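Colleague: These protein sequences, in sequence, are chains V and Z.
Under the working numbering, the first residue of the first sequence carries the number 122, and numbering increases by one thereafter.
Under the working numbering, the first residue of the second sequence carries the number 55, and numbering increases by one thereafter.
In case anyone wonders, no lab produced these hints; they're calculated from the structure.
Certain hints may be false.
[As the list claims (entries may be wrong)] Among the chain V residues that face chain Z by a calculated CB cut under 7 Å, a handful are:
id	residue
1	234
2	237
3	243
4	280
In this text the structure is predicted, and so the values were computed from the model without any measurement.
Heads up, the beta-carbon is just placed ideally off N, CA and C, and yes, glycines get one too.
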Amino acid sequence: MSAVPQVSFEDLHAEHAPRLERLCRLLLNDPTEAQDVTQDVLLKLLQEQRAARVHEAWDRWLTRVTVNACRDRRRSGWWRWWRDGRGSPREEARSPVVWTTPEDALLGVEARRAIWLAFRQLSPRQREVFALRYVHELSTSEVAATLGLGEGSAKQHLFRAVRQLRVTLRGIR
Amino acid sequence: MSACLTDQELWVLTEGAGETAERDHLERCALCSYRARQLEDDLALVGGALRGACPPGVSAGVRPKMVRLTWGAAVALVVFGLVALWSAPPWRPSTAPLARTDGVAALTELSASVFGEDTPEISRATDLDVVATAFESAGPSEWQPGGCEFEIEPLF
Chain V
122 MSAVPQVSFE DLHAEHAPRL ERLCRLLLND PTEAQDVTQD VLLKLLQEQR
172 AARVHEAWDR WLTRVTVNAC RDRRRSGWWR WWRDGRGSPR EEARSPVVWT
222 TPEDALLGVE ARRAIWLAFR QLSPRQREVF ALRYVHELST SEVAATLGLG
272 EGSAKQHLFR AVRQLRVTLR GIR
Chain Z
55 MSACLTDQEL WVLTEGAGET AERDHLERCA LCSYRARQLE DDLALVGGAL
105 RGACPPGVSA GVRPKMVRLT WGAAVALVVF GLVALWSAPP WRPSTAPLAR
155 TDGVAALTEL SASVFGEDTP EISRATDLDV VATAFESAGP SEWQPGGCEF
205 EIEPLF
């Protein structure tokens, strides 16, 4: 068995931090919370590195830890919602626009908003599978392995998400 | 295979799975090919939009679904409680005999059935003296105070 090469924290941070924050923003409703969770995950990564634990696939480990952290954050969302002033509107504009893609330029703001809103209407599980499959471009089997699902179950969730989002797209066109 | 593919079959084929017959149909059928291309375009579009920045106004004031459910359940519980209080009769102290009285009555009944009138008199502790007197008056006893009725003559 060949030894797994050690990767520095800085390299992993540079490679994965933007991806993880994007994933958190897809799975959570609040950009500030997404940044918090990303920092938590990177802290866990640092602890793993200091404990000299080596994972064969850091990207999969990081994705799994991020998804679990987002689930925990969602579960405890109700008391934070109460504590923080019961759903006071958060200014999305406060957080700077970090990612700009060619699709952003092609799609109008209204269309993008409709897609995001439709995505937010999906169940948490559907969001997870869709984000990993079509935003992070993992294969269906990788999505299932990352989320600890059977491949058939992952496909079911994925197809339901696709069907629901396409209904929204028909409304846009 | 002559019928056109369903949306799910099309999606499975775009995922690289599916049966050979379905794939053959997809290659032959212009409509299904068009639908498959449209599906791929849609997925690319949605993936691209989600890869980009979150547009303003999407996450403002969005409540977690669980919070809505929790509040709904709490309100339903309170309403149910109020309705139950409203419809329940007013409380009055109970006039029924205490459970202890019932217990005593049951024991009395049990005692009467076990030690009833038709049971032998000996079973009553209070009639033991009467029984003893009747027994003594029935005949002379060898243990009467006057001594034994028959004298035993000495053999030698």
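Colleague: All hints, please: hold or fail.
Modeller: Do the hints match the structure? See the list:
Against a cut-off of 7 Å between C-beta atoms, the interface hint on residue 234 of chain V holds, since the closest Cβ of chain Z lies about 4 Å away. Interface restraint check for residue 237 of chain V: the shortest CB-CB distance to chain Z comes to about 4 Å, inside 7 Å, so the restraint holds. The interface hint given for residue 243 of chain V is violated, since its Cβ lies 11 Å from the closest Cβ of chain Z, which is over the 7 Å cut-off. Evaluation of the residue 280 of chain V hint against chain Z yields a held restraint, the C-beta minimum of about 6 Å falling below 7 Å.
Violated hint for the displayed structure: number 3, the only one.
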